[in-house]
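Visitor: In order, the protein sequences belong to chains A and B. Position 97 (the first sequence) corresponds to 97 in our numbering; numbering is contiguous. Just so we're on the same page, our numbering is the position in the second sequence counted from 1, plus 1000.
Keep in mind the hints are simulated off the structure, nothing from the lab. A couple of the hints might just be wrong.
[Stated by the list, open to error] Derived DSS-like pairs: lysine-lysine, alpha-carbon spacing no greater than 25 Å straight-line: (1) B:K1464 to A:K80; (2) A:K4 to B:K1004; (3) B:K1472 to A:K397; (4) A:K28 to B:K1439; (5) B:K1362 to B:K1397; (6) B:K1362 to A:K397; (7) A:K6 to B:K1237; (8) A:K25 to B:K1068; (9) A:K464 to B:K1212; (10) B:K1004 to A:K225; (11) B:K1362 to A:K53; (12) A:K5 to B:K1225; (13) A:K74 to B:K1025; (14) A:K68 to B:K1028; (15) B:K1269 to A:K390; (16) A:K4 to B:K1225; (17) B:K1212 to B:K1242; (18) A:K390 to B:K1285; (19) B:K1260 to A:K25; (20) A:K80 to B:K1074; (21) B:K1053 to A:K472; (22) A:K212 to A:K225; (23) B:K1456 to A:K80; (24) B:K1074 to A:K25; (25) B:K1464 to A:K53; (26) B:K1382 to A:K269; (27) A:K53 to B:K1005; (28) B:K1242 to A:K68; (29) A:K269 to B:K1390; (30) A:K470 to B:K1004; (31) A:K362 to B:K1053; (32) B:K1390 to A:K53.
[Said to hold, decoys possible] Derived coverage of chain B by chain A (criterion: at least 3 residues anywhere in the stretch with Cβ under 8 Å from a Cβ of chain A; other residues may be distant): (33) 1431–1438; (34) 1461–1475.
All C-beta atoms in this analysis are idealised placements derived from N, C-alpha and C, irrespective of residue type, glycine included.
There are 2 protein chains.
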Amino acid sequence: KELKKKREKEEKEKEADTAGKFEVKVPKGTRDFDPLEMAIRTRVIDLITNAFKRHGAVTIETPVFELKETLMGKYGEDSKLIYDLADQGGELLSLRYDLTVPFARYIALHRATSIKRYHIARVYRRDMPSEAKGRFREFYQCDFDIAGPSPSPMLPDAECLLLMTEILDRLPIGDYILKFNHRKLLDGMLEICNVPMERFRPVCSAIDKLDKEPWEKVQEELVQKGCSLETCAMIGKFVLLKGDPRTLLTEIVSKGYFDKSVQATQALKELDVLCTYLDVLEVPKNRLLFDLSLARGLDYYTGIIYEGVLVNSGGIGSICGGGRYDDLAGMFMSSGKTQQVPSVGFSLGLERLFAFMEQREKERSSGIRGSPTLVLVASLGKNMETQRLKICSRLWKADISTEHMYQHKLDLPKQLGFAEHNQIPFSVIFGEDELKSGKLRIKVMDEHREFDVDEKDLVDVLRKEIEAYKAKMQAIAW
Amino acid sequence: KELKKKREKEEKEKEADTAGKFEVKVPKGTRDFDPLEMAIRTRVIDLITNAFKRHGAVTIETPVFELKETLMGKYGEDSKLIYDLADQGGELLSLRYDLTVPFARYIALHRATSIKRYHIARVYRRDMPSEAKGRFREFYQCDFDIAGPSPSPMLPDAECLLLMTEILDRLPIGDYILKFNHRKLLDGMLEICNVPMERFRPVCSAIDKLDKEPWEKVQEELVQKGCSLETCAMIGKFVLLKGDPRTLLTEIVSKGYFDKSVQATQALKELDVLCTYLDVLEVPKNRLLFDLSLARGLDYYTGIIYEGVLVNSGGIGSICGGGRYDDLAGMFMSSGKTQQVPSVGFSLGLERLFAFMEQREKERSSGIRGSPTLVLVASLGKNMETQRLKICSRLWKADISTEHMYQHKLDLPKQLGFAEHNQIPFSVIFGEDELKSGKLRIKVMDEHREFDVDEKDLVDVLRKEIEAYKAKMQAIAW
Chain A
1 KELKKKREKE
11 EKEKEADTAG
21 KFEVKVPKGT
31 RDFDPLEMAI
41 RTRVIDLITN
51 AFKRHGAVTI
61 ETPVFELKET
71 LMGKYGEDSK
81 LIYDLADQGG
91 ELLSLRYDLT
101 VPFARYIALH
111 RATSIKRYHI
121 ARVYRRDMPS
131 EAKGRFREFY
141 QCDFDIAGPS
151 PSPMLPDAEC
161 LLLMTEILDR
171 LPIGDYILKF
181 NHRKLLDGML
191 EICNVPMERF
201 RPVCSAIDKL
211 DKEPWEKVQE
221 ELVQKGCSLE
231 TCAMIGKFVL
241 LKGDPRTLLT
251 EIVSKGYFDK
261 SVQATQALKE
271 LDVLCTYLDV
281 LEVPKNRLLF
291 DLSLARGLDY
301 YTGIIYEGVL
311 VNSGGIGSIC
321 GGGRYDDLAG
331 MFMSSGKTQQ
341 VPSVGFSLGL
351 ERLFAFMEQR
361 EKERSSGIRG
371 SPTLVLVASL
381 GKNMETQRLK
391 ICSRLWKADI
401 STEHMYQHKL
411 DLPKQLGFAE
421 HNQIPFSVIF
431 GEDELKSGKL
441 RIKVMDEHRE
451 FDVDEKDLVD
461 VLRKEIEAYK
471 AKMQAIAW
Chain B
1001 KELKKKREKE
1011 EKEKEADTAG
1021 KFEVKVPKGT
1031 RDFDPLEMAI
1041 RTRVIDLITN
1051 AFKRHGAVTI
1061 ETPVFELKET
1071 LMGKYGEDSK
1081 LIYDLADQGG
1091 ELLSLRYDLT
1101 VPFARYIALH
1111 RATSIKRYHI
1121 ARVYRRDMPS
1131 EAKGRFREFY
1141 QCDFDIAGPS
1151 PSPMLPDAEC
1161 LLLMTEILDR
1171 LPIGDYILKF
1181 NHRKLLDGML
1191 EICNVPMERF
1201 RPVCSAIDKL
1211 DKEPWEKVQE
1221 ELVQKGCSLE
1231 TCAMIGKFVL
1241 LKGDPRTLLT
1251 EIVSKGYFDK
1261 SVQATQALKE
1271 LDVLCTYLDV
1281 LEVPKNRLLF
1291 DLSLARGLDY
1301 YTGIIYEGVL
1311 VNSGGIGSIC
1321 GGGRYDDLAG
1331 MFMSSGKTQQ
1341 VPSVGFSLGL
1351 ERLFAFMEQR
1361 EKERSSGIRG
1371 SPTLVLVASL
1381 GKNMETQRLK
1391 ICSRLWKADI
1401 STEHMYQHKL
1411 DLPKQLGFAE
1421 HNQIPFSVIF
1431 GEDELKSGKL
1441 RIKVMDEHRE
1451 FDVDEKDLVD
1461 VLRKEIEAYK
1471 AKMQAIAW
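Throw the hints in and build the complete structure from the sequences for me.
Guide: In structure tokens:
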């Protein structure tokens, strides 16, 4: 017993020792977010969420971890980046790697075979983190997908493109272009260029690099991947094709470039329907680029593919992307591939958008601040906390975001400094004199304007001032 | 090479096999949330968030996992419930167990020694899950804390109690009581009852069971914990003291029950100040109970403690709780315990609230639905999708949440069924005839009211109808 006690004591001392020594930090590749960063993130997410809701999308939530089995065999060689949980007895679990596989699993588990949903949540990858490249181990994804049978597939596809413009147009990110292409057109093109079918995907992934690398380098990779120089020349000619969707489509059809491929011909028909819908929806033409070099990295696309890129972004580049994938959710259906849940959707590069907006906010404030407080109740003289509380209580009851400082002894400069530091737009100030005369002083902080009000009119006057303040903020807000 | 190919092929087949066989499910103790559950959760969270913001609170975000070291030695024997991540090289990590330790770590890392913050996020515990008891392995916590030096500690403390009533009063959860007590009063009481100081915490934890167990059982535990029968009798007398705060406080002070204890006398003075503030803030008296049997389980409290319980809740019981803990954040400060960040706060039992509100919504709808859609655009006759798109496009531009069904061939009953199923309040209906005459038909779904509008007036008329609909929903909403 004595020994046990001694051991326990030693254990405790050891713990205390460790606690004193270990470095206080967050795990590699993760970050804390402070109130201002949270406010900017919330603003971006609200704007995006409103766009999704405008189109009638619902949201769902899935656990942050899944059965390891659920994620296995879905990510190819990137599977090594999956975070596993320790085996502490029971199921083997892994942190979610994206929101797509959990969505497919959700569809299968709940037989939700027709759903238009968005999901904004964090995902986890054991990648090499790089602050400069905006690559983290814990980061937000923002997925929007329309799943379910649709005899006219291009209807949801066109809506996805429209929705991307609606979101990007409302964010002050400058010019952007939505490139699109069709996987079956790509496959038909490779067919015509005599690429064997089993090399379609590797060749696609080489072509996909054309936005970052010169043709010569891509051609090198194509040759390595077994393409003859003749094939390369044919591909090289095709992937130069890009331009206004309707114009290019008409040229391709009239010149019969792809007449020899059945699937390319089908793709062109679908693209024709898509262009009609985009016209009807008045998607701005200067935002759209039909680009035969767009291939997208992922294997599972089966129809239209698209990608949004910022123009003059200083290297941010791709900001959203997606496409149609008709076979993915079937993986989790008990009857396997025989059961299809045709789907189309896109992901927004939320962390890139956040970083962009944070940078912008530093350069030119649009009134976003960490604190939600509108009014600071400040007092002159000692022991005024009960009086401050009375005023705070009235304002809280009137649903006006209000604070005071939790101190007995307070001088006015300290309190006004607090208001300024937190960009609180209004102060209500009083001392013995004001209390006696039933008056309160309102200070409009950024206008250096002060005036007295009757105590009984406080709420009404503040409401009017706040309305004017909000209108002013609205005018500079993005 | 041949062999390698064969092995790869076998590997793939094996994978396909496994995919076919394994059970599609979520990990034990976790859940998916469908759109309706999400809508109810969002409504509750918005209401709570608004209350926090009204009091000027900011929010922060921390990673879902922390260094294992950060969590070590914080949770006593509950540490065995912590989820560890697998050691895949690099740091040893654990999923967060609560939001309090990450907050203390945040304060230390960012020197945020004065902050009023809320944090609503999921935490992870390898506990035995029980749907019936509402115990899960992944669940939401909702923490509000005021950290920072405050020469008048009872100011933030009173605000916490007010804030809890503001939140609970706006939720249709029925009657509730906020019990409170003071740790130093409890300690003084035990001192007077001759309990040795090192047994204060275990004895407290026995007393804390009085809300669930009869005195006889608690006394048994006290005897086991080394209390004499005389001590038990004294404790038994004290813990019966409960009632209206001001009345009971006056009785205790006037009768001099605790005059022998210095710390109890200090606690009574603080409670006196607290009661004054609660009066000024007009916290409803019928909600407050000064209860000397309230002890709270956690060790780290140093001042006032409180707990909210539902009356007639059918076993839900405690719904929020918290108190003052002045020494916790210091654990992460480099200078150890010498640096204090006095703090007071509370946690809301969010999952209990969610479950309660979900149940209530089943019994009596307050108009919450999963879909945000306000208008379904429906057509009569074939190949009308372009016409539907035109109308959808107008409504999307007017920021009206609108949907149509993605099909060429649609009959009206199917479309109206879709609207009804998703509780979409309005349908816009048209066929060839309407198109020719420039009219559209609006159907107000739940009123079975239909009328025609000129195409050009569509947006204005719908806006007015939607306003009326929202007012109607507001009237039944909680």
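Visitor: Against this structure, judge whether each hint is valid.
Guide: Here is how each hint holds up against the structure:
no., hint, in the structure
1, B:K1464 to A:K80, "violated (55 Å)"
2, A:K4 to B:K1004, "violated (57 Å)"
3, B:K1472 to A:K397, "holds (24 Å)"
4, A:K28 to B:K1439, "violated (61 Å)"
5, B:K1362 to B:K1397, "violated (35 Å)"
6, B:K1362 to A:K397, "violated (31 Å)"
7, A:K6 to B:K1237, "violated (38 Å)"
8, A:K25 to B:K1068, "holds (11 Å)"
9, A:K464 to B:K1212, "violated (51 Å)"
10, B:K1004 to A:K225, "holds (19 Å)"
11, B:K1362 to A:K53, "holds (24 Å)"
12, A:K5 to B:K1225, "holds (18 Å)"
13, A:K74 to B:K1025, "holds (16 Å)"
14, A:K68 to B:K1028, "holds (13 Å)"
15, B:K1269 to A:K390, "holds (21 Å)"
16, A:K4 to B:K1225, "holds (19 Å)"
17, B:K1212 to B:K1242, "holds (16 Å)"
18, A:K390 to B:K1285, "holds (17 Å)"
19, B:K1260 to A:K25, "violated (46 Å)"
20, A:K80 to B:K1074, "violated (32 Å)"
21, B:K1053 to A:K472, "holds (21 Å)"
22, A:K212 to A:K225, "holds (19 Å)"
23, B:K1456 to A:K80, "violated (57 Å)"
24, B:K1074 to A:K25, "holds (16 Å)"
25, B:K1464 to A:K53, "holds (20 Å)"
26, B:K1382 to A:K269, "holds (20 Å)"
27, A:K53 to B:K1005, "violated (49 Å)"
28, B:K1242 to A:K68, "violated (52 Å)"
29, A:K269 to B:K1390, "holds (21 Å)"
30, A:K470 to B:K1004, "violated (67 Å)"
31, A:K362 to B:K1053, "holds (24 Å)"
32, B:K1390 to A:K53, "holds (19 Å)"
33, 1431–1438, "violated (count 0)"
34, 1461–1475, "violated (count 0)"
In summary, the structure is inconsistent with hints 1, 2, 4, 5, 6, 7, 9, 19, 20, 23, 27, 28, 30, 33 and 34 from the numbered list given earlier, while agreeing with the others.
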